[in-house]
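Given the coordinates of chain A, assemble chain B with the ligands onto it according to the supplied hints.
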Amino acid sequence: MTMTKRVLFSAMAAMSSLEAFCVARFPKPDFDSGYQYPDIEHPVPWENFWNILDIVLLTVMMGIVAWAIHKKESRKAIFCVSIISVLYFGFFRNGCVCSVGSLQNVVLAFTDPTYNLPWFVLLLFILPIVFTLIFGRVFCAGVCPLGALQEIVNIKNFRISRAVSQALSVIPWIYLGFAILYAATRSQFIICRFDPFIGIFRFGGDIGMIVFGITLLLLSMVVARPFCQFLCPYGALLSIFGKFAIKKMEVTRKGCINCTLCHNSCPVDALRPPYANKQKEERSAGVKRLIMYFLILPIITAACSFLVGLNSENLSRANKDVHLYDMIQAQEENPDMEMPMEVVAFHELGNSVDELAAKVDDIQKQFSIYSYIVGALIGFVIGIKLINLSVKRTRKTYEIDYSACVACGKCFDYCPQNMSPLTHSSRSAFFLRKASKDDKLAKNGGIHTEKTEKRAPYPPKEELIE
Amino acid sequence: MNKNKNISPIDRREFLKKCGTIIAGGTILGAGGLLAAKIKGKDADLFWQIDHELCTQCGRCETDCVLPVSAVKCFHANKVCGYCDLCGGYYRSSVKDLNTAAENMMCPTGAIARKFVEEPYFEYTIDEKLCNGCGKCVKGCGSFGNGSLYLQIQQDLCLNCNECQISKVCVSDAIKRVSKKNAYKLKESV
Ligand code: SF4
Ligand code: SF4
Ligand code: SF4
Ligand code: SF4
Numbered sequence: 001m002t003m004t005k006r007v008l009f010s011a012m013a014a015m016s017s018l019e020a021f022c023v024a025r026f027p028k029p030d031f032d033s034g035y036q037y038p039d040i041e042h043p044v045p046w047e048n049f050w051n052i053l054d055i056v057l058l059t060v061m062m063g064i065v066a067w068a069i070h071k072k073e074s075r076k077a078i079f080c081v082s083i084i085s086v087l088y089f090g091f092f093r094n095g096c097v098c099s100v101g102s103l104q105n106v107v108l109a110f111t112d113p114t115y116n117l118p119w120f121v122l123l124l125f126i127l128p129i130v131f132t133l134i135f136g137r138v139f140c141a142g143v144c145p146l147g148a149l150q151e152i153v154n155i156k157n158f159r160i161s162r163a164v165s166q167a168l169s170v171i172p173w174i175y176l177g178f179a180i181l182y183a184a185t186r187s188q189f190i191i192c193r194f195d196p197f198i199g200i201f202r203f204g205g206d207i208g209m210i211v212f213g214i215t216l217l218l219l220s221m222v223v224a225r226p227f228c229q230f231l232c233p234y235g236a237l238l239s240i241f242g243k244f245a246i247k248k249m250e251v252t253r254k255g256c257i258n259c260t261l262c263h264n265s266c267p268v269d270a271l272r273p274p275y276a277n278k279q280k281e282e283r284s285a286g287v288k289r290l291i292m293y294f295l296i297l298p299i300i301t302a303a304c305s306f307l308v309g310l311n312s313e314n315l316s317r318a319n320k321d322v323h324l325y326d327m328i329q330a331q332e333e334n335p336d337m338e339m340p341m342e343v344v345a346f347h348e349l350g351n352s353v354d355e356l357a358a359k360v361d362d363i364q365k366q367f368s369i370y371s372y373i374v375g376a377l378i379g380f381v382i383g384i385k386l387i388n389l390s391v392k393r394t395r396k397t398y399e400i401d402y403s404a405c406v407a408c409g410k411c412f413d414y415c416p417q418n419m420s421p422l423t424h425s426s427r428s429a430f431f432l433r434k435a436s437k438d439d440k441l442a443k444n445g446g447i448h449t450e451k452t453e454k455r456a457p458y459p460p461k462e463e464l465i466e
Numbered sequence: 467m468n469k470n471k472n473i474s475p476i477d478r479r480e481f482l483k484k485c486g487t488i489i490a491g492g493t494i495l496g497a498g499g500l501l502a503a504k505i506k507g508k509d510a511d512l513f514w515q516i517d518h519e520l521c522t523q524c525g526r527c528e529t530d531c532v533l534p535v536s537a538v539k540c541f542h543a544n545k546v547c548g549y550c551d552l553c554g555g556y557y558r559s560s561v562k563d564l565n566t567a568a569e570n571m572m573c574p575t576g577a578i579a580r581k582f583v584e585e586p587y588f589e590y591t592i593d594e595k596l597c598n599g600c601g602k603c604v605k606g607c608g609s610f611g612n613g614s615l616y617l618q619i620q621q622d623l624c625l626n627c628n629e630c631q632i633s634k635v636c637v638s639d640a641i642k643r644v645s646k647k648n649a650y651k652l653k654e655s656v
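Residue numbers (the numbering used here), protein chains in the order written: chain A, 1 to 466; chain B, 467 to 656.
Take the hints with a grain of salt, since some may be wrong.
[To be verified] Below are the SDA-like pairs computed for lysine to any residue, each with C-alpha atoms no more than 25 Å apart in a straight line:
hint : chain 1 : residue 1 : chain 2 : residue 2
1    : B       : LYS508    : B       : GLU480
2    : A       : LYS385    : B       : ALA490
3    : B       : LYS508    : A       : THR59
4    : A       : LYS320    : B       : ASN626
5    : B       : LYS595    : B       : LEU533
6    : A       : LYS320    : B       : ASP639
7    : A       : LYS385    : B       : LYS484
8    : B       : LYS651    : A       : LYS247
9    : B       : LYS508    : A       : VAL56
10   : A       : LYS76     : A       : LEU53
11   : B       : LYS581    : A       : GLY34
12   : B       : LYS646    : A       : VAL56
13   : B       : LYS642    : A       : ILE190
14   : A       : LYS28     : B       : SER559
15   : B       : LYS634    : A       : PRO416
16   : B       : LYS483    : A       : TRP67
17   : B       : LYS646    : B       : LYS483
18   : B       : LYS508    : A       : TRP50
19   : B       : LYS581    : A       : PHE31
20   : B       : LYS642    : A       : GLN188
21   : A       : LYS247    : B       : ASP477
22   : A       : LYS288    : A       : PHE380
23   : A       : LYS71     : A       : PRO416
[To be verified] Listed below are several chain B residues computed to face chain A (Cβ distance under 7 Å; list not exhaustive):
hint : residue
24   : LYS506
25   : ALA510
26   : CYS524
27   : ASN628
28   : GLU629
These aren't lab readings, by the way, just hints derived from the structure by calculation.
A virtual CB, placed ideally from N, CA and C, is assigned to each residue, including glycine.
Bound-form chain A, shown alone (with noise of 0.2 Å):
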């Protein structure tokens, strides 16, 4: 018996075809016993509850922040969001798909007509986007799952030369603008693929980018939230709505008294220091200082559309199709070469080879349009970021960059004028100390000294009026 099943089962070995398919070798078992077929259920997915909960708990959150920066005026709530963020759409929800993503998603949606856009994801795209105009960066204080979890950790706030963090914010355009590559012609998306902190929401995944996101949770320890500053670029867009927003938060609602005590109270730097203009520019030199901007503005631009447009060949090798297509070739060339699993599996499925080179051809084209569209962006921004590094302007108080400021309200407890006048006096002391240790030069009790205001070139008030 065993034998002839043996050699039943070497027979079938040989015939056996390489496609996978039912092929019903063995007709139906005619059961005499009554046997029924177990029915089987397979969980469908319970996807629209969560999914609704999710956009609700999003709105309902940045609307606590706004409340919490523009009425309030305390950090108390915004941390308690943060919290819940970290729990909630971090660890339960694993931190997919989240706001930073989804742009990835609507670009997709814009370039392939074919996709389905779900409702969710284009409302977790809009929802914070719109916050960001009417009241600043509610979605960045505490409600993404990104940024919390990184000013959860935060404990000290070593400040980078403001040279070198400008340079550096470069980075989430260059980000956006490959994300964006990537995105529009479908071959990966990227912000998804190299997310720092999904692995830790999920206990798990890429091991690489687990340790990445490890190192970086450790650098937001001592410098706050690295990713959010230079990597993140969705941050980069709402920075955009950020600055023209309708309501924008302030460190007082009485007015700054520029006593320097916020001054390094802000984990990113948006504080910027009461400053004059010493030399009043002509007109004249006005005029021509625009002229060169405009000049310049569009050298950049086009110069950065070559330097990605002339790469878009090496670019689209991530792409799937095309790398597939090159080892397809790869293998042409070289026969005794060991065949990859990807062309063995192409030539099971009895797939043309002429049908992918015509896929391919169509996918670069695409490539080279859409990198020269994301070279010109990437460069547009260096070109502003230039101009804005050269324009001057006179702040005559402590004035907040509303493109950088995430609303984390951190400032609000460091301003005297936020003290009821009861506690005023007691709490002033506590306040100034706890400045003091961030702030050395505010050891004087914010009192203008030389020192200071070496810091923050403030003129006398007469020459101001003039």
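What follows is chain B with the ligands alone, placed relative to chain A:
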């Protein structure tokens, strides 16, 4: 020119900011409207699933899912199965003795259970908790049997990643988005 001189730089800055706000608001409305028009209601393709007609059991489903144990599981179509004693998905093809010793088993995790029904038929069931989606049994059944074993993403385990990591490495491009109605691509009959 005269008019310009009356506007202080502060006012001008305010004015520019207002313009910026209006442009930004307009962009949101425009883009949002355009995108909202594209949204499909209930039958949008939101879930990842394997097309078993394309799958070649490359083994990456086991290794590349973001979950510690892959969300991909082996499914068994009883109505396709031949209920053979000598199952290509149950035994390794090189077995010496047909007994259920571990070294003879195809499944590395022991996820396939077999139950005697009647001479000469055996029923096979998959324990989804043990299965890691390696696809070894699927390959065996496809090569020697009726192909009643096949891989599917189990939707309640799948995190529904914004982009399925396996789909990016699947050698036969078998993982696609499907609608809720078609959340599984089941083999019902031959
Ligand atoms: S900058 Fe990016 S990562 Fe940081 S809080 Fe904002 S959206 Fe989140
Ligand atoms: S990665 Fe693709 S080909 Fe490989 S086992 Fe999974 S579905 Fe099948
Ligand atoms: S052989 Fe692999 S795919 Fe089949 S049941 Fe076992 S673990 Fe699952
Ligand atoms: S979508 Fe994510 S969780 Fe689901 S099978 Fe793919 S990688 Fe695994």
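Hints, one by one, checked against the model:
{"no.": "1", "hint": "B/LYS508 <-> B/GLU480", "result": "violated (45 Å)"}
{"no.": "2", "hint": "A/LYS385 <-> B/ALA490", "result": "holds (19 Å)"}
{"no.": "3", "hint": "B/LYS508 <-> A/THR59", "result": "holds (23 Å)"}
{"no.": "4", "hint": "A/LYS320 <-> B/ASN626", "result": "holds (21 Å)"}
{"no.": "5", "hint": "B/LYS595 <-> B/LEU533", "result": "holds (13 Å)"}
{"no.": "6", "hint": "A/LYS320 <-> B/ASP639", "result": "holds (9 Å)"}
{"no.": "7", "hint": "A/LYS385 <-> B/LYS484", "result": "holds (21 Å)"}
{"no.": "8", "hint": "B/LYS651 <-> A/LYS247", "result": "violated (51 Å)"}
{"no.": "9", "hint": "B/LYS508 <-> A/VAL56", "result": "holds (20 Å)"}
{"no.": "10", "hint": "A/LYS76 <-> A/LEU53", "result": "holds (24 Å)"}
{"no.": "11", "hint": "B/LYS581 <-> A/GLY34", "result": "holds (15 Å)"}
{"no.": "12", "hint": "B/LYS646 <-> A/VAL56", "result": "holds (22 Å)"}
{"no.": "13", "hint": "B/LYS642 <-> A/ILE190", "result": "holds (18 Å)"}
{"no.": "14", "hint": "A/LYS28 <-> B/SER559", "result": "holds (22 Å)"}
{"no.": "15", "hint": "B/LYS634 <-> A/PRO416", "result": "violated (55 Å)"}
{"no.": "16", "hint": "B/LYS483 <-> A/TRP67", "result": "holds (23 Å)"}
{"no.": "17", "hint": "B/LYS646 <-> B/LYS483", "result": "violated (45 Å)"}
{"no.": "18", "hint": "B/LYS508 <-> A/TRP50", "result": "holds (15 Å)"}
{"no.": "19", "hint": "B/LYS581 <-> A/PHE31", "result": "holds (14 Å)"}
{"no.": "20", "hint": "B/LYS642 <-> A/GLN188", "result": "holds (14 Å)"}
{"no.": "21", "hint": "A/LYS247 <-> B/ASP477", "result": "holds (17 Å)"}
{"no.": "22", "hint": "A/LYS288 <-> A/PHE380", "result": "holds (20 Å)"}
{"no.": "23", "hint": "A/LYS71 <-> A/PRO416", "result": "holds (17 Å)"}
{"no.": "24", "hint": "LYS506", "result": "holds (5 Å)"}
{"no.": "25", "hint": "ALA510", "result": "holds (4 Å)"}
{"no.": "26", "hint": "CYS524", "result": "holds (6 Å)"}
{"no.": "27", "hint": "ASN628", "result": "holds (4 Å)"}
{"no.": "28", "hint": "GLU629", "result": "holds (4 Å)"}
Hint compliance for this structure: hints 1, 8, 15, 17 are not met, and every other hint is.
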